[in-house]
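Undergrad: Listed in order, the protein sequences are those of chains Y and E.
Here the first sequence is numbered in the working numbering, starting from 1 and rising by one per residue.
Here the second sequence is numbered in the working numbering, starting from 1 and rising by one per residue.
Just so you know, these hints were derived from the structure itself, not from any lab.
One or more of the hints may lead you astray.
Taking lysine-lysine and the DSSO-like style, the derived pairs with C-alpha atoms no more than 30 Å apart in a straight line are [claimed, not checked]:
1. Lys657/Y x Lys40/E
2. Lys494/Y x Lys320/Y
3. Lys574/Y x Lys112/E
4. Lys108/E x Lys657/Y
5. Lys108/E x Lys575/Y
6. Lys56/E x Lys660/Y
7. Lys421/Y x Lys455/Y
8. Lys660/Y x Lys575/Y
9. Lys575/Y x Lys112/E
10. Lys54/E x Lys657/Y
11. Lys543/Y x Lys54/E
12. Lys56/E x Lys40/E
13. Lys203/Y x Lys132/Y
14. Lys119/E x Lys56/E
15. Lys40/E x Lys660/Y
16. Lys108/E x Lys574/Y
17. Lys203/Y x Lys176/Y
18. Lys342/Y x Lys480/Y
19. Lys54/E x Lys660/Y
20. Lys584/Y x Lys108/E
21. Lys112/E x Lys657/Y
These are the residues of each chain, in order.
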Amino acid sequence: MVTQDRFDILSSAVHIAHSGSLSHHARLKSLSQLLSKTFHLESASIYILDSDKHCFIARIASSGPEQVQSCTIPADDLVPHAISQHATLSGAGTFSLPLMDSGRLLGMIYLCPERDVPSPDTHDRLLQDILKLMAGLLRSAGIVEESGRRIRDLSALNDFGFGINRPMKAEAVLAKTLRGVQGNTGSLCTLLRLNPPAGRGKKVYAKCVTALKPHLATLHELEAEYSARVMESGMPLLVTDIVADPDLPASSICVPLKFAGNVTGTITVFGRKGGNGLYRNYDEEDRELLENMMVLVDNALESTLSAQRMEALARENDKKLREIALLYRISNTMLSTINLNKLIHLILTALTAGPNSCFERAMLFLINERTGIMQGMLGVTQETAEGILPAMEEGEDILLSRWEISEEQMTRQSDSPFSRKVRGARLELDRSKNVTARAVLDRRCIHVPDVAREKVVDRDFTDRFDITSFASAPLIARGKVVGVILVDNPFSRKSITRDNLRYLQLFTNQAGMAIENSMLYNRIEDTDRHLQEARDRLLQGEKLAMLGEMAASIAHELKNPLVSIGGFARRLGKKTAQGSAEWKYADIITREVERLEQMLTDILIFSRKKVVSSAKCDVAEIIEEALAILSDQVQKSGVAIGKDIPAERMFVKGDSKQLKQVFLNLIANSLQAMPGGGRLGISLEQGTLDDAPAISVRLADTGGGIQLELLNRIFDPFFTTKDHGTGLGLPIVQAIVSNHGGKLRINNQPGVGVEFTVLLPANH
Amino acid sequence: MARILIIDDEASIRLLYSQELSEEGHEVAEAANAAEAAEKLAGGTFDLVVLDVKLKNESGLDLLQKIVKERHNIPVIICSAFSCYKDDFSAWLADGYVVKSGDMTELKEEIKRILEKRKGQ
């Protein structure tokens, strides 16, 4: 080869090596072709050594369509040889030469001379120069690839970080992580494992290329092993040359996934696809990239979970606020009324139609401990409760807000068909027959999620009301269960939640307090009324006593003149001829004076206060004496006397004359009430008075009773309906009976008759 | 027939009693107060005294005690407008108790009963 030719060849080799328009691989291929042509070679193949110098990973041949072919050829035997000898004869004329740059072995070149052509001199300057150019190209290709990879990694990290550092759920972060790792690390199979702290089972998410799917089970096994090691050490793991199986990726990286300083999982990648389309082992840089990615994931997860926690907290706060507002409102409402009926309507309405409307129906049963029955009182449905309790308005003062229910609304509720049906319902207060009774007897909320599976239930009741699931809560007031509220959702059949139950419980507690208030208030009112009545009675008593004293003194003053008038009128009558006009006048005076005298006697009996004489009196005897005195009148009136007096003698302590007066007055009254005849029943029996043994005398007539408008006045002194009455008969009776520590009762049946019962303390 | 002393502060009552009792055949004397009564009792003998419980400023019951103490054997009938004095201990000293009335029958019968009782002793 002439020098000029050699110079031209070297010049074109230098030209190729520095051609900026071609890739490194294309330049190497062109150089190998130039080499083949110059030295009459059949082929020249460059084998590129990987960075670890373990194996040749790619081949660039002078012939063939492809620029680069990937390969895996162990370099262990060749490399030392190549470094020491610079050239190796491989038989059949072929030989290999090392490609070295600044003492670093970067690859080998195999030269295969054409048939019958002698091998070139390995020490040929031109050959050596071209090989140097090739080594330089290999080196710069490596540097370019290295920097390209770093740039790719950085931009991948950036994209990845950008992708996951956005507000989203933790699940979405994990999904993006899986995708991002798979895309940016050249992983063929990525497995993400989470170990939840509460031991709620492990979760492994997988992403895998289709070609590897048949081997997924094996990969899972490997992942489990690596993950366990990483979880224990907390350090990342890089594994190369996993198995001999050529179908499986040769290397893997497993990196811990940390959250708030704790290892909560791992991510494992298998295989690596290089940027040049070649398969390569993972190296430390890949590990670093994955570790950096996981730091981003940790941050993203942390901020996501914080955001979730914040959101949950805000939701909880909002819920609490609404609940407190509602409770405030309920308690305002309940405390603003002491009307028990209204309270009950509000309670059931709020349970079915409040802003937290939990239930579709609510029923109230009141307890009757004596009969052991829970009696239905009121039923409210969402329909009858609708529109009564408006939601709180914006800006409304929570402290003043309350609900109101009108009389018409209450009537509409209690007249509804459902409420009528509830009123017809009775439940037994027996825990062995009825689960609702437990709410009362155990004083707690009862939830029956499935009536069909509950053994102790009143089937008749649940069938009639179509109840399949319900809850009931007791209403406790003044330490006593006064009623029970039963709620259910028969239309939507939605189940009753824990929150619903909590609401029911809170509500019934409030309602119980309100009922308690109402009961206390009613008691105060009752007591007040009793006091008022007692005061009135005292006043009346004082008035009567004063009246009595006045009457007594007037009577005294009147008695003497009357006696004179009466006495002299009689004398006149005796001195005039019987039947004459004068005699008649004197007779009238006499009779009128007799009447006045009787009146004075009555007044004086009435005004007398104390029982002067106190002896053991036989009541039957006294009655008989009174009847004997009135026998003439009884006969004249045509009234039949029916006596029911037992043979056993009954005694009271008192003044027999005064007691006789009692029966005289009562019997005389009855006779006067029956001018056209009738029946007077007199019965004597044992009774009780203020829980002490007493004697009871009942006098029942058929005189048509007392007109209701007069009933209140019959004990007023001087009140009379008779032409010749003094109006003191019944007041005297009452005064005597009460002076004896007894009681007088009236059972008036207008149109039929009246029955007086005299109750006197018994004396044995 | 008997000598009867009527002690009453009301003149018309005294007149009524004395006329009625005179017609019955009794010899009747009158006294309006305790002093007059004492004078009459000292001045003569009486078979019976009819005494009102309420004399103007004096108590008939006090006078009754005096009469019973000083003249043991004269029976006294208390004749009061009202029955309430019946229960007074002092009234038990009297031999009879009659509620005043325009109808004199009760008083006359009481006088008769007491006089007959006396006669029998």
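Undergrad: Each hint should be assessed against the structure and marked as holding or not.
TA: Cross-check of the supplied hints:
Of the pairs offered as hints, the one joining Lys657/Y and Lys40/E is violated, with about 38 Å between alpha carbons and a cut-off of 30 Å exceeded. At most 30 Å may separate the alpha-carbon atoms for a hinted pair to count; Lys494/Y and Lys320/Y meet this at roughly 23 Å. Restraint check: the Cα-Cα separation between Lys574/Y and Lys112/E comes to about 21 Å, which is no more than 30 Å; the hinted pair holds. At most 30 Å may separate the alpha-carbon atoms for a hinted pair to count; Lys108/E and Lys657/Y meet this at roughly 24 Å.
As the CA atoms of Lys108/E and Lys575/Y are separated by approximately 19 Å, the hinted pair is consistent with the 30 Å bound. With a C-alpha separation of about 34 Å, the suggested pairing of Lys56/E with Lys660/Y is violated against the 30 Å cut-off. A distance of roughly 24 Å separates the Cα atoms of Lys421/Y and Lys455/Y; the hinted pair therefore holds under the 30 Å criterion. Annotation: proposed proximity of Lys660/Y to Lys575/Y is violated, straight-line Cα distance about 38 Å (limit 30 Å).
At most 30 Å may separate the alpha-carbon atoms for a hinted pair to count; Lys575/Y and Lys112/E meet this at roughly 23 Å. A distance of roughly 24 Å separates the Cα atoms of Lys54/E and Lys657/Y; the hinted pair therefore holds under the 30 Å criterion. For the given pair, Lys543/Y sits about 27 Å from Lys54/E by alpha-carbon distance, which is consistent with the 30 Å threshold. The straight-line distance between the Cα atoms of Lys56/E and Lys40/E is roughly 18 Å, inside the 30 Å bound, and the hint therefore holds.
Annotation: proposed proximity of Lys203/Y to Lys132/Y is violated, straight-line Cα distance about 55 Å (limit 30 Å). Restraint check: the Cα-Cα separation between Lys119/E and Lys56/E comes to about 34 Å, which exceeds 30 Å; the hinted pair is violated. Annotation: proposed proximity of Lys40/E to Lys660/Y is violated, straight-line Cα distance about 42 Å (limit 30 Å). Using a Cα cut-off of 30 Å, the hinted pair Lys108/E and Lys574/Y holds, with the two alpha carbons roughly 16 Å apart.
For the given pair, Lys203/Y sits about 16 Å from Lys176/Y by alpha-carbon distance, which is consistent with the 30 Å threshold. Taken as a hint, the Lys342/Y and Lys480/Y pair is honoured in the structure, with Cα atoms around 20 Å apart against an allowance of 30 Å. Proposed proximity of Lys54/E and Lys660/Y is supported: the alpha carbons are some 28 Å apart, at most 30 Å. A threshold of 30 Å between alpha carbons decides the hint, and for Lys584/Y with Lys108/E the separation of about 24 Å falls inside it, so the pair holds.
Of the pairs offered as hints, the one joining Lys112/E and Lys657/Y holds, with about 26 Å between alpha carbons and a cut-off of 30 Å not exceeded.
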